[in-house]
Each structure stands twice: as C-alpha cells, then as structure tokens.
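Asker: Residue numbers (the numbering used here), protein chains in the order written: chain H, 691 to 988; chain P, 25 to 333.
These are computed hints drawn from the structure, not numbers from a lab.
For glycine and all other residues, C-beta sits at the position ideal for the given N, C-alpha and C.
Take these hints with a grain of salt, some might be off.
Claimed, not checked - Just a few of them, taken from the derived set where beta-carbon distance is under 10 Å, the chain H residues facing chain P:
(1) 713
(2) 717
(3) 720
(4) 723
(5) 753
(6) 808
(7) 813
(8) 827
(9) 980
(10) 987
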Amino acid sequence: MSTADAPALSGSLPAAPVAARNPARAWLRLFGAELRLVFGRRRNLLLLGVTVVFPVVIGIALRVAAPHPQGGNGPGVAFFNQLAGNGVFLTFIALSTLLILVLPVVVAVVAGDSVAGEAGYGTLRYLLAVPAGRTRLLAVKFAAIMVFGLAATVIVAAVSLAAGAALFPVGPVTLLSGTTVPLADGLLRVLFVTLYVAAGMAALGAIGLAISTLTEHAIGAIAAIAILVVTSEVADQVPQLAAIGPYLPTHWWLSFDSILRTPVDTSTLLKGLLSFGVYAVLFGSFAWARFTSADVTS
Amino acid sequence: MTAISSTGLTKRFRGGQLAVDHIDLAVPDGAVYGFLGPNGSGKTTTIRLLLGLAFPTSGQAELLGVPVPGGVNRVLHRVGSLVEGPAFYPFLSGRDNLARYDAADRTADPRTMPDRIGQALERVGLLSAARKRYRHYSLGMKQRLAIAASLLRPRDLIILDEPTNGLDPQGTREVRALVRQIAADGTTVFVSSHLLAEVEQVCTHVGVMRTGRLVFQGPLAELRRTGAARVVVQTADADGAVKVFATLGLTDTQAGPDEASALLGGAEPERVCAELVHAGIGVRCFWVAAPSLEDLFVGLTGEGFDVDG
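Use the sequences and the hints to build the structure in full.
Answerer: In structure tokens:
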C-alpha cells in the first residue's frame, strides 16, 4: 500500500452521490423503516391487540345483557338504543367507549416514545449523525404516529363491524335523526366516522410529538400525554368551564355522531376538523422549532 | 486541505459551564489524529459540535470543507462516527440495527445495503452474531457494532470517540489494527481518548485538551520535541550534586535519596558530568533523559499526582 494509491482509492469509492438519489424514494425508505420499527415492536402490537379485544368484549356483553331502550341523552345512549336493531352500531359504541381513554393511550404510547424513546436509547444522536436530517426525521416520526393512530382506529371499527354482524342483526341503518338509509350508505358513514376519529388521534399525535421532544424519558412523555387527555376531558365536563370547552383538544372527538344524521351536521364536523388542524399545526410547529434547535445531549 | 478545522469554537452550557473554550482545530487530510484529554476536558462536547448534535455558543467549524452545523446534512454521509459509546435498539438484531441507520441515510443505495452491512460486520468480526438481538450483546460486541455502523459506507473521515471503552486488551488491539487499516485506505481518522498509550501507536497527529482548551496540537513528533531533556545522576551525595547543578545555572533541580536531576537547558551534558566529578561527587551513573510522552501528556493536562505539589 503506497500513499500514491490512496487518492485513487478514495476516488474510486465515491462517497458523495447525493444528487443521484431520488429524494422522494429516500423519504419513503426512512418512512418504511420507521413503520417497521413502530409496527414491529411487540409492545405496540400488544396495544393493537388490546384494541381488538375491546369491541368483541363490549359486543358480547351487550348481547348477553340484551340492551333495551334507556333514558338520558348523548350519543352513547342513543347508540345503545339502536344496537339491538342493528349490529353496525357496535362500531359507534366501541369507538365512543375507546375514545375516552384506550385509543388516546395507544396513540400516546407511540407519540410519546417517538423522539424521547430515541433520545433515551441514544439512537437519536446516531440517526442525526447519519445524517437523517432533523426536519426529515421529525416529519417521518409524525407520519408514523398518524399511521399508527389510523391503524388502531380502523382495527376498532373493522373488528366492531365484524363482531356486530356476528352478534346482532344487520340491515338498513336507522340513523340518529330517525331516517333509515340502506346498509351501503351506513357502511360509508362508518368509514367517515373512522376517518374523523383518526383525524382527532392525529391531532393528539402532534401534541404527543411536541411533548416527546422535551424529554429523554419516553415514559414521562407518555404519562404527560395521558394526563393531558384526562384533564381535558374532565374540564370539558365542568359546566363552569363551558366557555373554554370548544377549545379543549378532546372536545370534538365524539362529534362524529354528526355523521349519523340526515342531513349530516357539517358545521359541527368542520369545527371539529378545524380544531384538530389547529392543534396539529400548533404543536407540530412547536415540535419542529424545539427539535431543530435543541442540543442533543443524550 | 483540512479534514476538520475550527476557529474559536466555543460551547457554554446553559448552567454557565464553559465546556469548550475557543479551540482552533486543524486536522490534516489523511491524518490519524489523536484527540487526547482527561475525562471531562471537553472532547465529547467538541465532537458533538462537529457532528451538529450540539450548537456552538460562538466560533466556526468545518468538516471536509463544509461549515457545520449549517451543512451537516450535506457532509455527514461522508463521515462515520462513534459518539459517547454505542447506542442501538435493544429489541433489534445487530443486522437490523445497521439496516435502520442505513435507511436514514438518504444517499445510501438500498440495493447494496445487505452487502455493505455484511462487509461492515465482517470487518469488526460480528458476522456470526448478526442475527442476535442487541440486548444480548456483550459490551465489547456493542462497541464493535458501533464501529461497524461507522463503516457502512466508504468514508472520507471517521470520528471515533473513546472507541476502546469497555474492550478487553484483545479488543483494544483489534480496534487499533482497524484504525490502521482505515487510515491505510486514505480515510482521515479522528480518535478521542483519555489514554495516551492507546493512541500513541497509531497517531500521526495529536491534540491535547485540558478543561475545554486545546493546549497542544501538532504532529506527534513535535510533541516529543517539546519535552525538555533532563540530566540525571545516580549518586550517594544527591545534595552535593544539586549544588553543582546550581553553580552551572541549571534549573528545576530535584534531589532524591540516591539521585539528583535538573533541566539540561543549553548546557553540555559532558561538561556537567566533568564538573560533578571535579567537585568530588561520586558518580555511579549519569544520563540524559528525554521525557516520555506520558510525562508530556500529564504535564499538559495537569492530571494525576503531581510530586511537586
């Protein structure tokens, strides 16, 4: 090995074909790796497994208890009254039940772990030294959280639908407004409800991502997100705080019942989606500002 | 052309502690640069600044001619690094861990990934443990996997922060051989250590850190030259010898039980010896001692037990 060889060698091993690679493909590759990491983790699969169990258990319980019309109001009660006549309603019952805590916690685990977990393992410094790019890494993390939230919501909806069909009669769907629509129309509404709930979970994911950039302790971030959700839900129930209610992050989650009316209550839905969008942009920006400017000390 | 350069690079932590204090690094292309200093002298913080993990309070730095931290995304794919110990996902195998990092590299070709991972693992002798979960790796294996990660692509510069931490003497030798091999390929190597002996055998250049400041930088040979030679005499009359040294104008005299020494300075050792004999000091043994690198290193960093108090 002579020194004369060295330049020729480093020249024959070009380390800089940056422009040659398609940036979109590179994004997809990192996104794919992120999804494999999130969906390949036993803990996360277990969480998805839990979301499968709930709709089945709720369905069996309601079948055994043979629900009969009850008093009171609110979407939950209305769904219960409809279930006996149509298994499709198990989807709405399961979603509104799981939205109280289970789905938010599932999203909180993945969102809280996203950055803080990497910092805790120390893998964050190596990802940035690769270099993954801070903005790019954060965007991919957020996308993966959204996909996980969507997956959890879709699983709840799909399993509820299957369990509902197995346990209860299925046919034309009588909506909350009293109108009866064909089953196909009802299923389309199930799809929209699922997407609406997933949008709410995406907004929560942005909040979780922002919290996750503040710490190296994933468990702390996860707990903080869960506490935030519960606090928001409690505050939303306090009549004295009714004025701030619509601005709480959890306030519009259950508004998907607007889809189950004719005509669809679009103004409520749009307010909900606007709330989700504002929260996503606000906390997404905060996460970005923090993540692209903070020293990585882990 | 310098592989790493900095001017006035400074990092003050939020608590006010000055971790890196106006350092001017100059690592020549193709060098094996030993970045020395005791624990806590600012070596790792400097490396974090170079890699864009931390942002400097003031000063500039360049890696391979690209300013950092501004240009990290343009240059770091040409730089392999090991920072503050290995870090991987415990629930993934060694191979999957490397694949994860490779996927984050937007300039890496996914088609060649399996080959590149295989070669990197082979180079550090981990091929047989490639499918084992990282959780079950020994400390030495973890360290090797981290080195493998820095070798996933052909690099122009490799930054290794304490690469032999946690390794047994065998592993330390292997790492040293690996560093030689990497350097022979024309790659610049920047290796930090708190042990001089560890890098002395492979380095062409050294930089010595002390409490955040770069107290020496240059070729290893130059560091050796900075060491001032001492005359040492073995005698029963050490105090008498010291008196003779003093009359000759030698400084920093020291007297032990059976030995006296002084800085040689510009004096001729032959004349010193003759004067000793002339003064009736019984000379058993007389020699000129060049300080060991270890002594120079300790002198620069001020660590350890200082006999002068």
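Asker: Now look at each hint and say whether the structure bears it out.
Answerer: Taking the hints in turn, this is what the structure says about them:
1. Taking 10 Å as the C-beta contact cut-off toward chain P, the hint placing residue 713(H) at the interface holds, the least distance being around 7 Å.
2. Among the interface hints, the one on residue 717(H) holds; its C-beta lies about 8 Å from the nearest C-beta in chain P, closer than the 10 Å criterion.
3. Here the hint on residue 720(H) is kept, as its CB sits about 5 Å from the closest CB of chain P, short of 10 Å.
4. The interface hint given for residue 723(H) is met, as the beta carbon of that residue sits about 4 Å from the closest beta carbon of chain P, less than 10 Å.
5. With a least beta-carbon distance of about 39 Å to chain P, the hint placing residue 753(H) at the interface is violated under the 10 Å criterion.
6. With 10 Å as the threshold, the beta carbon of residue 808(H) comes within range of chain P, its nearest partner Cβ sitting at about 9 Å, so the hint holds.
7. At its closest, the beta carbon of residue 813(H) sits 5 Å from a beta carbon of chain P; the interface hint therefore holds under the 10 Å criterion.
8. The beta carbon of residue 827(H) comes within 7 Å of a beta carbon in chain P, closer than 10 Å, and the hint placing it at the interface holds.
9. At its closest, the beta carbon of residue 980(H) sits 13 Å from a beta carbon of chain P; the interface hint therefore is violated under the 10 Å criterion.
10. Proximity of residue 987(H) to chain P holds as hinted, the smallest CB-CB distance being about 7 Å (cut-off 10 Å).
Of the numbered hints listed earlier, those contradicted by the structure are 5, 9.
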